Amino acid sequence: MKFGIAVFPGTWSERDCAHAAHLAGQDSVMLWHKERDLRGADCVILPGGFAYGDYLRCGAMARFSPLMESVIDFARRGGPVWGICNGFQILCEAQLLPGALVRNSSLEFRCEPAWLRVENPTSPFTSGCSQGEVLEIPVSHGEGRFVADPATLDSLERDRRVAFRYVRRDGSPVGDASPNGSARDIAGIVNERGNVLGMMPHPERACEPLLGSVDGMRLFECVAALLNGAGTFATAASR
Amino acid sequence: MRGGAAERRGDVRHSRIALTTATPLEVADPSQEDLAAVALTREEYTVASRALGRHLNRLELGILGAAWSEHCSYKSSKALLRGLPTHAPWVLQGPGENAGAVDIGGGLACVFKIESHNHPSAVEPYQGAATGVGGILRDVFTMGARPIAILDSLRFGPLEDPRQRHLFDGVVAGIGGYGNCVGVPTVGGEVYFDASYSNNCVVNAMCAGVVEHANLTRSRGAGAGNLVILAGADTGRDGIQGATFASVELDADGDDRRPAVQVGNPFLEKCLLEACLELAGHPGVVAMQDLGAAGLSGSAAEIAHRGASGVEIDVARIPRREVGMTPYDVMLSESQERMLLVVERGGLGDVRAVFERWDLHADVIGVITGDGRFIVRDGAERVSDLPLDLLIDGTPERRLASARSPSRSDLADQDAMDFVAPWNAENALLRLLASPNIGSRRPIFRRYDHQVGDETIVGPGGDAALVRVDAGARALALTTDGNSRYTALDPRRGAMIAVCEAARNVVATGARPLAVTNCLNFGNPDKPDVYWELQEAVTGITEACEALGVPVVSGNVSLYNDTAGSSIDPTVVIGMVGVLDDVAEHCRPGFAVDNDLVALIGPVEAELGGSEYQRLAFGVNAGARPALDLALEKRVQDCITDAIHSGLLRSAHDCAEGGIAVALAESCLIGGRGARARIDEFGSHVQNASWEAGILFGECQSRFVVSFAREHLMRLQELAVRHDVPFRGLGATGGDRISITGRIDVRLGQAREAYESALA
Numbered sequence: 006m007k008f009g010i011a012v013f014p015g016t017w018s019e020r021d022c023a024h025a026a027h028l029a030g031q032d033s034v035m036l037w038h039k040e041r042d043l044r045g046a047d048c049v050i051l052p053g054g055f056a057y058g059d060y061l062r063c064g065a066m067a068r069f070s071p072l073m074e075s076v077i078d079f080a081r082r083g084g085p086v087w088g089i090c091n092g093f094q095i096l097c098e099a100q101l102l103p104g105a106l107v108r109n110s111s112l113e114f115r116c117e118p119a120w121l122r123v124e125n126p127t128s129p130f131t132s133g134c135s136q137g138e139v140l141e142i143p144v145s146h147g148e149g150r151f152v153a154d155p156a157t158l159d160s161l162e163r164d165r166r167v168a169f170r171y172v173r174r175d176g177s178p179v180g181d182a183s184p185n186g187s188a189r190d191i192a193g194i195v196n197e198r199g200n201v202l203g204m205m206p207h208p209e210r211a212c213e214p215l216l217g218s219v220d221g222m223r224l225f226e227c228v229a230a231l232l233n234g235a236g237t238f239a240t241a242a243s244r
Numbered sequence: 006m007r008g009g010a011a012e013r014r015g016d017v018r019h020s021r022i023a024l025t026t027a028t029p030l031e032v033a034d035p036s037q038e039d040l041a042a043v044a045l046t047r048e049e050y051t052v053a054s055r056a057l058g059r060h061l062n063r064l065e066l067g068i069l070g071a072a073w074s075e076h077c078s079y080k081s082s083k084a085l086l087r088g089l090p091t092h093a094p095w096v097l098q099g100p101g102e103n104a105g106a107v108d109i110g111g112g113l114a115c116v117f118k119i120e121s122h123n124h125p126s127a128v129e130p131y132q133g134a135a136t137g138v139g140g141i142l143r144d145v146f147t148m149g150a151r152p153i154a155i156l157d158s159l160r161f162g163p164l165e166d167p168r169q170r171h172l173f174d175g176v177v178a179g180i181g182g183y184g185n186c187v188g189v190p191t192v193g194g195e196v197y198f199d200a201s202y203s204n205n206c207v208v209n210a211m212c213a214g215v216v217e218h219a220n221l222t223r224s225r226g227a228g229a230g231n232l233v234i235l236a237g238a239d240t241g242r243d244g245i246q247g248a249t250f251a252s253v254e255l256d257a258d259g260d261d262r263r264p265a266v267q268v269g270n271p272f273l274e275k276c277l278l279e280a281c282l283e284l285a286g287h288p289g290v291v292a293m294q295d296l297g298a299a300g301l302s303g304s305a306a307e308i309a310h311r312g313a314s315g316v317e318i319d320v321a322r323i324p325r326r327e328v329g330m331t332p333y334d335v336m337l338s339e340s341q342e343r344m345l346l347v348v349e350r351g352g353l354g355d356v357r358a359v360f361e362r363w364d365l366h367a368d369v370i371g372v373i374t375g376d377g378r379f380i381v382r383d384g385a386e387r388v389s390d391l392p393l394d395l396l397i398d399g400t401p402e403r404r405l406a407s408a409r410s411p412s413r414s415d416l417a418d419q420d421a422m423d424f425v426a427p428w429n430a431e432n433a434l435l436r437l438l439a440s441p442n443i444g445s446r447r448p449i450f451r452r453y454d455h456q457v458g459d460e461t462i463v464g465p466g467g468d469a470a471l472v473r474v475d476a477g478a479r480a481l482a483l484t485t486d487g488n489s490r491y492t493a494l495d496p497r498r499g500a501m502i503a504v505c506e507a508a509r510n511v512v513a514t515g516a517r518p519l520a521v522t523n524c525l526n527f528g529n530p531d532k533p534d535v536y537w538e539l540q541e542a543v544t545g546i547t548e549a550c551e552a553l554g555v556p557v558v559s560g561n562v563s564l565y566n567d568t569a570g571s572s573i574d575p576t577v578v579i580g581m582v583g584v585l586d587d588v589a590e591h592c593r594p595g596f597a598v599d600n601d602l603v604a605l606i607g608p609v610e611a612e613l614g615g616s617e618y619q620r621l622a623f624g625v626n627a628g629a630r631p632a633l634d635l636a637l638e639k640r641v642q643d644c645i646t647d648a649i650h651s652g653l654l655r656s657a658h659d660c661a662e663g664g665i666a667v668a669l670a671e672s673c674l675i676g677g678r679g680a681r682a683r684i685d686e687f688g689s690h691v692q693n694a695s696w697e698a699g700i701l702f703g704e705c706q707s708r709f710v711v712s713f714a715r716e717h718l719m720r721l722q723e724l725a726v727r728h729d730v731p732f733r734g735l736g737a738t739g740g741d742r743i744s745i746t747g748r749i750d751v752r753l754g755q756a757r758e759a760y761e762s763a764l765a
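Protein sequences appear in the order of chains A and B. In case it helps, our numbering puts the first sequence at residues 6 to 244. In case it helps, our numbering puts the second sequence at residues 6 to 765.
FYI, nobody ran anything at the bench for these hints, they're computed from the structure. It should be emphasised that the depicted structure is a prediction, and the values quoted were computed from it without experimental measurement. One should not assume that every hint holds.
Stated by the list, open to error - What follows is a list of derived Cβ distance ranges for each label pair:
hint, chain 1, residue 1, chain 2, residue 2, range
1, A, A188, B, G570, 52 to 58 angstroms
2, B, D741, A, A188, 34 to 40 angstroms
3, B, V598, A, V152, 40 to 46 angstroms
4, A, M35, B, G677, 49 to 55 angstroms
5, B, G677, A, Q100, 42 to 48 angstroms
6, A, Q136, B, G624, 53 to 59 angstroms
Note that beta-carbon positions come from the ideal geometry of N, C-alpha and C, so glycine has one too.
Use the sequences and the hints to build the structure in full.
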């Protein structure tokens, strides 16, 4: 399979994502923001960075780029789209995912280890994980506090669309150790069909023992296994 | 961001009118006020006008003032800096370019430099620090190298003062805000708090990048007829005369200087970085030079002078951010995120295409000539004409008086051992761990993205950072170090210690020290004691670098760190780069395994001079500075290197501020496990309270706390004998307490609480 990695001028995680894809044994191609061609990508990654500087709201301009027109279309057709950090912000702005990401409750940028509990292992992006499993994947953002109105939060919970929740290392509730103060400790969510995942933490930074964690590799492997296997992502997503 | 072409042409017309009305071109003998405005002395002006055979017009005066400012010309420090060792077989580029470069093997070079942004940060901490990072990044990617790491070195007054808290928060936010957005990890640094910085903070930023030898780009703008291109941001009125600003003492109310501070745009920098890296190694690109101090005036003069050519610039062709700018404004603006390129005519299409792809301007604004002159035109009109030799090499060097400061020598003559705190050893350890000068830097480095790039093997919070190169086996060790308590007591010894400690931090990772970049932050050199401090510090750096075999390849001098007549303590910051050929062999500072043995490699001396213990207990800095034997230092470092590469060590940590007790506690805290140690056999003195404090908390140099598997004890001892270095067993790792028999016994959790509270 092939990952397509979006590159806006202010993107800085594209090489890290390509490195992680490579470690997972998969190909990747870079997708330039001015182009519409997805270059045969089986899964599109919207990586971390500051797409167009994000001097307005994070991701607010990126959603209007030529590339995003194709990505939105791809997602609507059931293609897997994975937003990481700035990518999650862009997906919310593009209304492929509900809610918004606002300034961290600390009002400071935070780059530190985080522990994520897998809330729904039947989602295609987490299909290799087990329920309640805790993954160590770092965060690095200033605007990662997930907010949504109570009805939206309730429906995310009800439909099991919360992919990851921040917890402590031992799996207990994160409490005041939350890196950003997200509503209900939400670290990542999927869309209704399950083919679009947005998450603030950086799995591509947790793919090697030398870097301190290999838990992020699990997610790259899940996606690869699914897309390389018999079932398509869309059928897995509709389960 | 991009104004239309018609709009820009409009600006240009407007400014030409402004020039003829507001800034007459007539040459005239400048008034004392005119000279003061550009920080030139009457003597300096006379040298220039004699060489020229005429008076200068106002624009020429501005260009000359910037070029001859301390910041650009190093006129007070040049003579001293000539003595620094700059050569080694692995040096590819020494001082005199945008940054230094060393061979790191595999056909790759590391390009690195440190620079100060003290004056702007004192006035506007966020933007001052942010643009400091922007400037040092540009120095590295100008040479074709992709920046892979940022480090900082910061000094403020005590944090109890709300103004210091404001400066500290703003500076940390500014460094993070810029580096995080550009996508270069900030992997290390240091910070100290001392009353000597209450009126003048120190903000130094270092950047290291990596480039293939073949793509190493210089700023030698040679070749008459080649085009001069200005790329990146439009030119505004921000930061006019910033170089001059950095070369004078701050007024009591530095706020008046705010317009001299620039505003950074890290997103634009990221685009400029990517575009310039695409062009590095392009056969049509002759030279690159970023616009920093003195703006276009400084950059155009330097690029042409280094290319042994001349240059002609047409200000009418320069895109502007605002209307009504005069040629003076345009030439001396320090608007950020701009780059000057010298390009062969045949390469223009390619260069334009790359900048176009990144949505950046790239305008031809002039041409390289062969006549050694720096000519500025405004359309058809010649508005400035100066010889490059005069601008760059003609600065009259200042010969300054030098005299040892009597007040500081009094301090150094006191017996530090007379100062013994009323605290017991355990209490003293907890207070030291909670000291802002020792405790956890997490509240700072968690605001910096220190991981982007997937290469940060050892991040902030230990000794040196370790950053892998291109996901391969090779890694670079990077550190910034400098303890100004030592330099205040003895600038020469303090500077030597800064070099040695930087090397020790590099060695603790397993890497081999390669080269140094230095930042010398001092007061007004016209004061004989300040000049003496500078002189002594440079001598100290030279001696230590020679002893350890590491050359100085780049650096920066920041003088006039004074307010209302009082100077900062002499502050020598050493940035060092080392290389580790196989990252699998790297060593970390934390105790990794229970039941390992712990030892101290290096000398033991009961002393307290210049120590953090002394500062905490008595608020003084007195006594002889820590002892240092350069030959022993080298042997200890070689012993550690040998031990790491023989696979004998499980951890190695430099023993620095707070002495043995703090080093031991830090290895426990980083490793997340306790340790039991004994010091009773150390030293032959009477074991009274001052002996105990001196052994536990004294800052004797050239030492490491190491841990290792029990079976390696004999081999390590043999290694120590072979290198002729002292080796003392300290104890063993394990448990959840830090205990030093009969003297200290604290829970790890209690120690961590103290450590994490330091900057919280």
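Structure versus earlier hints - violations, ascending order: Result: hint 4 breaks, nothing else.
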